[in-house]
Structures are given as C-alpha cells and as structure tokens.
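Here the protein sequences line up with chains A and B, keeping their order.
Last residue of the first sequence: number 295 in our numbering, and the count goes up by one each step with no gaps.
Last residue of the second sequence: number 525 in our numbering, and the count goes up by one each step with no gaps.
Do not rely on the hints blindly, as some may be mistaken.
Here are some, though not all, of the chain B residues that point toward chain A, as calculated from beta-carbon distances under 7 Å [what the hints assert, rightly or not]: (1) Ala367; (2) Ala370; (3) Asp372; (4) Leu504; (5) Gly506.
Where chain B lies over chain A, by a calculated footprint (3+ residues, C-beta under 8 Å) [unchecked claim]: (6) 239-251; (7) 283-294.
Counterexamples of contact, computed for chain A against chain B with all Cβ distances above 12 Å [said to hold, decoys possible]: (8) Pro116; (9) Phe127; (10) Asn131; (11) Phe150; (12) Lys176; (13) Pro214.
Quick caveat, the hints were computed from the structure, so don't treat them as lab data.
None of the values given here were measured: they were computed from a predicted structure.
Cβ coordinates follow ideal geometry from the N, Cα and C atoms, glycine included.
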Amino acid sequence: MELIEERVDDGIVDDDGHHAGRPVLGRPERDELAEPAAEVFDVAGLSAFYGDFRAVRDVTLSIREHEITALIGPSGCGKTTFLRCLNRLNDLIEDARVQGQVRYHGVDLYDPRVDPVEVRRRIGMVFQKPNPFPKSIYDNVAFGPRIAGFDGDLEELVEGSLRRAALWDEVKDKLKGSALALSGGQQQRLCIARAIATRPDVILMDEPCSALDPIATQRIEDLMRELIEDYTIIIVTHNMQQAARVSDRTAFFTVEVDEASGQRTGVVVEVDQTYAIFTNPSDERTEAYVTGRFG
Amino acid sequence: MPRAHFHQELERLEHELAALGDLAATAVRSATRAVTDHDEVLARSVIAGDDDLDRLYLDLDSGVIALLALQAPVAADLRLVSVILHSSLHLERVGDQAVNVAKILRVTRDLPANPTIVQQIGEMGDIVVEMLLTAMEALRARSLELCLRLPTMDDPVDRLNRNMHFEVAKLAGDPKALDWGMHMNLASRALERVGDNAVDIAEQVSFLLTGEFREFTDASHPGGVAADGD
Chain A
1 MELIEERVDD
11 GIVDDDGHHA
21 GRPVLGRPER
31 DELAEPAAEV
41 FDVAGLSAFY
51 GDFRAVRDVT
61 LSIREHEITA
71 LIGPSGCGKT
81 TFLRCLNRLN
91 DLIEDARVQG
101 QVRYHGVDLY
111 DPRVDPVEVR
121 RRIGMVFQKP
131 NPFPKSIYDN
141 VAFGPRIAGF
151 DGDLEELVEG
161 SLRRAALWDE
171 VKDKLKGSAL
181 ALSGGQQQRL
191 CIARAIATRP
201 DVILMDEPCS
211 ALDPIATQRI
221 EDLMRELIED
231 YTIIIVTHNM
241 QQAARVSDRT
251 AFFTVEVDEA
261 SGQRTGVVVE
271 VDQTYAIFTN
281 PSDERTEAYV
291 TGRFG
Chain B
296 MPRAHFHQEL
306 ERLEHELAAL
316 GDLAATAVRS
326 ATRAVTDHDE
336 VLARSVIAGD
346 DDLDRLYLDL
356 DSGVIALLAL
366 QAPVAADLRL
376 VSVILHSSLH
386 LERVGDQAVN
396 VAKILRVTRD
406 LPANPTIVQQ
416 IGEMGDIVVE
426 MLLTAMEALR
436 ARSLELCLRL
446 PTMDDPVDRL
456 NRNMHFEVAK
466 LAGDPKALDW
476 GMHMNLASRA
486 LERVGDNAVD
496 IAEQVSFLLT
506 GEFREFTDAS
516 HPGGVAADGD
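Let the sequences and hints guide you as you build the complete structure.
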C-alpha cells in the first residue's frame with residue numbers, strides 16, 4: 001500500500017506545487033540508498049496550532065534513518081506536539097492544524113492525497129503510559145495486521161514481533177492470557193511489539209519509560225538500541241540522562257513567551273550530535289538547560 | 296530545576312583547586328630559594344608542607360568522583376570537572392617536584408657552588424612560579440588569552456634547562472664541583488617539568504573555555520614550540 005495512490009506522472013504540478021501525477025513512494029530499499037544516513041523526515045518551517053494557540057513555531061530539522069533522535073526541553077516546549085505532527089496524530093484533535101512542511105522520504109506528509117491511516121502504520125507511536133488493549137497478548141500484537149488485512153502467517157508475525165520487542169521468552173507460554181496481567185515494563189514492550197507488527201519504518205516514542213522502574217527502563221533503552229538496526233526512532237523524554245544514554249542526535253526545544261500576549265510557544269533551539277549537546281552545546285540556552293541552570 | 300547543591304559543590308572544588316595552585320606555587324618558590332640561599336629551614340618546610348598538598352589533592356579527587364557518580368555533569372560543568380581532575384594531578388606533581396628540589400639542598404650543602412648556575416636556578420624558579428600563577432589566573436578569570444601566553448613563557452625555561460648541561464659540563468675538572476653541578480642539573484630538570492605542568496594546566500583551561508582539547512606544545516614533533524623543550 002502506498003502513501004498516495006499510484007498515478008501516471010503527467011508532469012503537471014498543481015497549485016500547491018505538488019507534482020500531481022507523481023507516483024509515491026515507499027521508503028527506498030536500504031542498499032539503494034546513496035547516503036549511509038539518509039533523511040527520513042525533512043521538516044521545514046513547521047508550526048502547529050490548536051485553534052488560535054500556536055504550540056510550536058517554525059521547526060526546521062531533519063531526522064536521519066536508523067538513528068535515535070531525542071527531543072528534550074522543558075514542559076510546554078512543544079516537543080510532544082511536534083512528535084504527533086510526524087504521524088499526523090494531531091489530525092484527530094479538533095481545531096488542530098499545521099503550517100509548513102513535513103517531508104517523509106520526500107513525500108509531503110500533509111498532502112491531501114496522503115492516507116493518514118497508512119501514515120500511522122508506517123510511523124508507529126508508543127505512548128507514555130503502556131496502553132495495551134483489554135485483550136490477550138496474542139490479539140494485541142495481531143490487532144494491527146488483522147485490520148490491515150494481513151494475509152501471511154499471523155502466528156509467525158506475532159512471534160517475530162514479540163521476539164523483536166524482547167518479550168517472547170516471558171510470554172510465549174501465556175499468549176492467550178490477558179495483556180493487562182503483564183507488568184508495566186512488559187506492557188510497554190508489548191506496545192512496542194504491537195507497533196512493530198504493522199511493519200513500520202519509524203517508531204515515535206512519547207516518554208516511553210516515565211511510568212517504568214529503572215530495570216524496566218533499562219530494558220526498553222537496550223531494546224531501542226537494538227531496534228534502530230531496522231527502524232528509525234524519535235523519542236520525547238524528560239530524562240536528559242536517558243537522551244544522553246540512548247540517542248544519536250538530540251534536538252533541544254524551549255518555550256518562548258510573547259511579552260505582549262503572554263502566549264507561550266515552543267521553538268527548536270539546537271539540533272546536534274548528542275555527544276556535542278552534552279559536552280559542548282552551541283547555544284547558551286541549551287547549555288543552561290542541560291546543566292540545570294535553566295530558569 | 297536549578298541544581299543548587301551541585302553547583303555549590305563544583306564551586307567549592309574550584310576554590311580548592313585554586314588553593315592547591317597557591318600551595319604548589321609557594322612550594323616551588325620556597326624550594327628554589329632554599330637552594331639558591333642555602334636556607335635549610337625553608338627546605339624542611341617545603342618537604343613537610345607537601346602533606347598539605349597531597350591531602351588537598353586527595354580531597355579534590357574524591358570530590359570529583361562523587362560529582363561524576365551522583366550528579367552526572369554535562370556541558371561546561373562536565374568540562375570543569377574534567378579540568379579539576381586533571382589540573383589537581385598536575386599541581387600534585389608540581390608539589391613533588393618542589394620536594395625534589397628542596398631535598399637537593401641536603402646533599403649539596405657541603406659542596407662548592409657555582410654562582411652562574413645558582414643564578415640560573417633562581418631565574419628558572421621565578422619564571423615557572425609566574426607560569427603557575429598565570430595558568431591558575433587563566434582559570435579564575437576564564438581567560439583564553441592568558442592560557443595562550445604559557446607556551447611563550449615556557450621558552451626561556453627550556454633554554455635555561457638545556458644550557459644547564461653545558462654549565463655543569465664546565466665543572467668536569469673538579470669532582471666535588473661536578474657532584475654539586477649534577478644535582479643542580481636535577482633541580483633544573485625538576486623546574487623545567489614544573490613549567491610543563493603549568494602549560495598542561497593552561498591547556499586544560501583552554502579546553503574548558505573552547506570545548507576543544509589541543510596541546511599547545513608537542514615534543515614529538517620537532518619545529519613546534521616545544522622543539523626546545525622536553
């Protein structure tokens with residue numbers, strides 16, 4: 001299934017500058033990529049609004065394939081809003097809209113012809129609180145593929161997804177048992193397995209460990225490092241040490257307060273290699289935040 | 296959100312490092328003067344005073360380990376912690392070199408001294424003490440400009456140290472004078488090392504300020520500033 005239904009390229013460019021007939025466009029096979037770290041997302045001048053309220057302003061950054069990108073910053077800086085723009089999850093909120101451009105493997109994600117359901121299949125999300133369905137472990141993982149009309153070997157897909165999420169050994173004897181009987185850490189890995197089962201390209205994670213104990217947190221962090229062999233991960237975290245431990249690149253967001261209106265808007269301050277952000281950041285606002293001198 | 300306790304502790308360690316720098320500079324000044332002025336009381340005070348340097352060094356070392364373990368410093372804080380760790384070790388070594396110089400007085404007091412060499416030892420001591428103070432001031436003032444003065448200040452020290460061999464060689468005809476001279480060559484060598492330690496500290500401060508570590512001098516590449524040096 002393609003993001004946009006395939007058409008014959010007639011060379012016509014429509015009013016929005018979209019190539020009307022352009023056939024689009026899965027992600028390229030990895031060995032076809034010219035660059036070792038290709039861009040998955042290319043975001044330019046992105047602002048996100050809830051009604052009149054502008055939550056983030058003018059975000060420009062790129063996300064590289066097979067890397068973990070961490071989004072850090074104080075509360076209200078718009079990092080979760082930005083994350084939700086990357087798989088059009090904000091579409092589900094009334095009055096939410098975006099300006100600017102999110103290109104996903106070169107495709108404008110907000111092109112009206114793009115199917116948001118397909119977007120969310122390719123770009124999965126793991127939330128702060130583990131949210132398994134009140135179903136069996138097996139059915140949780142099988143849910144997405146079934147809806148998508150998966151016609152392969154479902155048992156193999158479920159087992160493979162649970163193995164990839166480092167959960168198989170713990171649940172293989174109770175696949176028919178309720179997912180809600182699992183521990184918090186296991187539930188979160190189940191949610192990762194559920195996301196993997198739809199064979200995504202990108203996994204978005206919104207504070208995936210904030211409800212977990214340190215040991216469960218470490219398992220998720222280890223898992224993330226394993227998963228980037230196959231996926232691209234973007235994680236929002238309030239835990240700066242977690243960003244330092246797991247991510248390759250870090251984007252620091254902060255809040256700007258408009259003096260006249262008092263309105264608070266999130267902006268990106270700096271995006272760099274995680275090592276640089278935590279040893280020698282370029283912007284003094286980043287320095288102040290990561291060293292705890294903020295505010 | 297501001298990490299008050301952590302930053303107070305980091306400030307305390309930086310003050311301790313400054314105190315260690317003062318002690319080390321004083322030890323070198325006193326040791327040099329003890330040799331040039333035949334002052335045995337001063338020499339004994341340098342040797343006894345080294346325990347204070349060592350205590351301060353150990354306290355800094357454990358303070359740094361605790362900060363790394365408990366506070367996970369990053370960015371400029373992390374660089375400052377690293378600078379404190381490295382610089383305290385350099386200063387502890389400076390203290391040991393001062394002791395080495397002070398001990399030379401004990402084995403040379405009954406031997407004939409050569410005024411030219413004594414004057415050179417005094418001159419080297421003055422310069423390396425000034426180098427230490429400059430490096431420590433560079434840290435206090437966060438001054439890259441002061442850091443960059445250190446390699447130039449080190450040049451005459453290296454020249455005097457090299458010249459010391461020739462001055463001592465001139466004493467070859469008189470076994471007792473030569474015995475004295477060879478000990479002065481050791482003192483010269485110790486002071487030259489102190490100068491290098493001061494340059495090392497300035498390199499650390501430069502890292503703190505710029506985020507990039509670079510050696511000001513590189514003895515393994517002739518033609519560099521350190522071609523004369525160690």
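Original post:
Holds or violated: is the Cβ of Gly506/B closer than 7 Å to a Cβ in chain A?
Top reply: This interface hint holds because 3 Å falls under the 7 Å limit.
**OP:** Just double-check Phe127/A for me: nearest Cβ-Cβ distance to chain B has to come out over 12 Å.
**Re:** holds, 25 Å
Subject >> Interface-negative label, Phe150/A against chain B, beta-carbon threshold 12 Å >> reply: holds, 44 Å
Original post:
Is the hint on Ala367/B kept, meaning its closest Cβ partner in chain A is under 7 Å away?
Top reply: holds, 6 Å
**OP:** Decide, holds or violated, for the assertion that all CB atoms of chain B are farther than 12 Å from the CB of Lys176/A.
**Re:** holds, 43 Å
Original post:
Do three or more residues from the region 239-251 of chain A put their C-beta atoms closer than 8 Å to C-beta atoms of chain B?
Top reply: holds (count 3)
**OP:** Would you settle whether the hint for Ala370/B is holds or violated, based on the nearest Cβ-Cβ distance to chain A being less than 7 Å?
**Re:** holds, 5 Å
Original post:
Does the claim that Pro116/A lies outside the interface with chain B hold up, using a Cβ gap greater than 12 Å?
Top reply: Per Cβ check, Pro116/A is outside 12 Å of chain B; nearest 37 Å; holds.
Subject >> Given as non-interface: Asn131/A, partner chain B, CB spacing beyond 12 Å >> reply: The claim stands: Asn131/A keeps its Cβ more than 12 Å from every Cβ of chain B (closest is about 29 Å).
Original post:
Holds or violated: the region 283-294 of chain A covered by chain B, criterion of 3 or more residues with Cβ-Cβ distance under 8 Å?
Top reply: holds (count 7)
Original post:
Once the closest CB in chain B is found, is it more than 12 Å from Pro214/A?
Top reply: holds, 14 Å
Original post:
Can we keep the Leu504/B interface hint, with Cβ of chain A closer than 7 Å?
Top reply: Violated - the Cβ of Leu504/B stays beyond 7 Å from chain A, reaching only about 11 Å at its closest.
Hint 4 from the list above is the single one not met by this structure.
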